[in-house]
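Student: Sequence:
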Amino acid sequence: MCGIVAIYASMLNNDDLRKAILDAGKKIRHRGPDWNGVRILPKGIAIEHERLAIIDPESGAQPLVSNDGTITLAVNGEVYNYKELMATLQTPYTFKTKSDCEVIIPLYKQHGTAFLRHLRGMFSFVLYDSAKDVLIAARDHMGITPLYYGYGADGSVWFASEMKALEVRDIAMMMTMTNE
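Just so you know, we're using UniProt numbering here: the sequence shown kicks off at 1 and counts up by one.
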């Protein structure tokens with residue numbers, strides 16, 4: 001069980017954005033006591049991961065970043081069919097880790113948003129593609145791994161594995177992701 005927090009389109013400066021996401025991450029640190037990683041991106045975007053090291057404890061730290069640096073990914077969960085998915089990749093991809101979740105990056109590059117239908121497992125994740133300025137927040141179709149979201153006073157959108165991570169700021173309308 002890991003934990004993720006993401007902030008999209010915040011008006012905070014980078015220092016305050018880093019502090020805000022780290023404060024939110026502390027609220028769910030019990031989900032991933034082995035590692036915490038943060039990536040601050042342009043346009044008021046921050047992605048944070050609280051890691052419980054199960055698969056690839058040495059090099060599977062997140063957020064994961066694509067080989068070209070354009071995609072950032074933080075995942076809470078497990079992709080059961082990752083080996084099969086790796087075998088279907090049409091474009092060569094150099095995997096940096098042995099994490100079952102890294103396959104999401106080249107799968108997204110190959111299929112666009114249609115990659116979601118190929119995933120089997122229990123997961124929630126946030127993926128940001130800086131080249132296309134696209135943010136994808138998703139969870140498994142059964143909702144085994146929760147993902148909550150809310151809106152900040154500055155119009156930002158916040159995502160987290162637990163609702164209490166969203167309580168560090170003045171976040172309105174906290175909701176859980178649904179299958180709709």
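Mixed in with the good hints there might be a few duds.
[What the hints assert, rightly or not] Derived EDC-like pairs (lysine to aspartate or glutamate); straight-line CA-CA distance at most 16 Å:
| id | residue 1 | residue 2 |
| --- | --- | --- |
| 1 | K43 | E162 |
| 2 | K98 | D129 |
| 3 | K27 | D154 |
| 4 | K26 | D154 |
| 5 | K43 | D133 |
| 6 | K43 | D23 |
| 7 | K164 | D15 |
| 8 | K43 | D15 |
| 9 | K83 | D68 |
| 10 | K27 | E162 |
| 11 | K132 | E84 |
| 12 | K96 | D133 |
| 13 | K109 | D16 |
| 14 | K109 | E162 |
| 15 | K26 | D133 |
| 16 | K19 | D133 |
Honestly, the hints are just simulated from the structure, not real lab data.
Student: Each hint needs a verdict: does it hold in this structure or not?
Tutor: Verification of the hints:
For the given pair, K43 sits about 24 Å from E162 by alpha-carbon distance, which is inconsistent with the 16 Å threshold. Among the hinted pairs, K98 with D129 is inconsistent with the structure: their alpha-carbon atoms are about 22 Å apart, more than 16 Å. Taken as a hint, the K27 and D154 pair is broken in the structure, with Cα atoms around 21 Å apart against an allowance of 16 Å. Proposed proximity of K26 and D154 is contradicted: the alpha carbons are some 22 Å apart, above 16 Å.
About 9 Å separates the Cα atoms of K43 and D133, which keeps this hinted pair within 16 Å; it holds. Proximity of K43 to D23 is assessed by CA-CA distance (about 20 Å); at most 16 Å being required, the pair is judged violated. Between the alpha carbons of K164 and D15 the distance comes to roughly 22 Å, so the proposed pair goes past 16 Å and is violated. Taking the CA atoms of K43 and D15, the gap is about 13 Å. The hint holds against a cut of 16 Å.
At roughly 22 Å between alpha-carbon atoms, K83 and D68 are farther apart than 16 Å, so this suggested pair is violated. Pair hint K27 plus E162 holds up; C-alpha atoms about 9 Å apart against a cutoff of 16 Å. For the given pair, K132 sits about 27 Å from E84 by alpha-carbon distance, which is inconsistent with the 16 Å threshold. Between K96 and D133 the alpha-carbon distance is near 23 Å, which puts this suggested pair outside the 16 Å criterion.
For the suggested pair K109 and D16, the alpha carbons sit about 31 Å apart, so the restraint of at most 16 Å is broken. Between K109 and E162 the CA atoms are separated by roughly 28 Å; this puts the pair beyond 16 Å, and the hint is violated. For a cut-off of 16 Å, the pair hint linking K26 to D133 is broken: about 28 Å separates their Cα positions. For the hint linking K19 to D133, the alpha-carbon distance of about 23 Å lies beyond 16 Å, and the restraint is violated.
In this structure, the earlier hints numbered 1, 2, 3, 4, 6, 7, 9, 11, 12, 13, 14, 15 and 16 are contradicted, and the remaining ones agree with it.
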